[in-house]
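Assemble the whole structure, with the sequences as input and the hints as a guide.
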Amino acid sequence: MIDIRNTTFYYNASQDDEEDAGHKPALSHVSLNISPGEFVAFLGRNGSGKSSLSRLLNGIELPTEGTVSVEGHVTSDKAALPTVRRAVQIVFQNPENQQVGITVGEDIAFGLSNIGWPQRDIANRVAWAINLVGLDADEDRPVTNLSGGEKQKLALAAVLALAPRYLILDEATSMLDPVARRQFVATLHEVRKQYSFTLIYITHHLEEVTDADRWILFQSGRVVTSGTPADLMEDVRLLQDCGLELPYYQTLAGLLRESGIAVPAAINEHELRELLCKSS
Amino acid sequence: MAGTSFLLYQKRDSWLERWDPRMKIVAVLLFGAALLLTHSLGLKTAQLLLLIVLWGMAKLSWRVLAFTLLSLSIFFASTMIYQSVLTAVPGEDMITWGWISFSSQGAVRGIMMCEQIAGIVLLLALLVRTTSPIVLAEGLEMLLKPLKKWRLPVHEAVMMFSIALRFLPILIEEFDKIRKAQLARGGGFHRKGVSTRFRGVLPMLMPLFVMSIIRAKDLAVAMESRCYQGDEGRTPIRMYRLRANDYAVFSFSIVNLAAIFVW
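Chains as they are written, first to last, in our numbering: chain A, 1 to 280; chain B, 1 to 263.
Derived by calculation from the structure, the hints in this document are not laboratory data. Predicted, not measured: the structure shown is a model, and the values here were computed from it. Treat the hints with care, as some may be off.
Partial list, computed: chain B residues near chain A (C-beta under 7 Å) [said to hold, decoys possible]: (1) S212; (2) R215; (3) R234; (4) I237.
Glycine included, every Cβ here is placed at the ideal spot set by N, Cα and C.
Dropping the structure here:
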């Protein structure tokens, strides 16, 4: 379990009187629990604190106040940091800035080498990770020859090779075109069927996280609310306040409701299509 | 794009790629020393020809080879002028052509110097184009391992070197994008006098510098999040074993170096 307790975080914090100095915290008094196996979406505007929190979970940044613990290991404990990092892996926004190796195989092997994976098993593990994400490339293929979507799949393979129990996708689809984005999300769901992990998905695209267990809305470094997608989608104003737009089919469902047509609150894209086909 | 392809390693399954990285580095050092120390035009020419043969065996592009040598033409021209015209020693055979006099011995010195420059550049190009940066870094680290006893940050230095190699082509591409963007806005360094061209470089270098810093920062975060903590507890990606092939390369490099004392 991930336990975030009353956490405040300032970038470049060095003094105790940050608030007095007029600096705004990236996160302010955030408390959260994330259970094993959960699929959680962090939602909010740019600068609302979603990515800052993801960095705290992996121990890249440490909280200025409060604690973040992963399976009982506090991230501020230097000795526990390798365990925390191994358990929580992140796929970042720009795939090019997270790839160290020249070839697909080398890039996946980089992380394995860091954690001291037995040398004789590295090649097998690399092949396993490539196969898991369905990357259509052999391990000798240069990273520069991959498309944007393939590069992000490689980034996913590289972190999954480390067998994380918590996976954070920090706007991992934001640099992809719509087709590549859909493919990446489909790959992710396929991977989750084969390999179980807690998923923390940071995005601005609500349609990618409609099947999440829980949405957590951020605003100005604070958690505004959390709840199931079905519950939160009803509060359109709150979503708008958090800089979020409903998926097109939810907007259409809302317009139909306003016109007096009975459309259930919790409806997905396919159900709405069926409803429209029946009524016509 | 020729500049980018010159720097980028791509797997071609050549004989040179199968050399052990340690032996490859040692062979490059020995061959480089032989190139610098040889005073025989014949031997230098033979060494250069051998490098060109190796280029072919490495399945590297002949266009890239031509581009590499052409990009050195300004060095070749200035070296030839300096050696044969400007530093002609009194008493040497002087050949007069129109109003120019040049020394034939100086011309030979110039050719040897040009072969030396071309040889060193080709040697390094062969090394980086037939060895993946990670493999090169691992080889270099294994060779420099004894220095760790004096607490020298060998691993960190080698990792920086390999990442610099990995990102060089990306930076070249980024520079090209910035250059085109500046040209589209009427800037750039391709027009007018020298001072204007010189001033035009700065608006291109600044964004490149800023981008490099951002990339470096992002990469450092990504490496750290993938459990990188220096060489502590790392396993090498590949198992390196010296084979008969590698010993043959080493022996040849020694013979090549010894040959300069015979000629």
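Inset, instruction - Could you tell me which of the numbered hints above are not met by this structure, giving the numbers in increasing order? - result: 1
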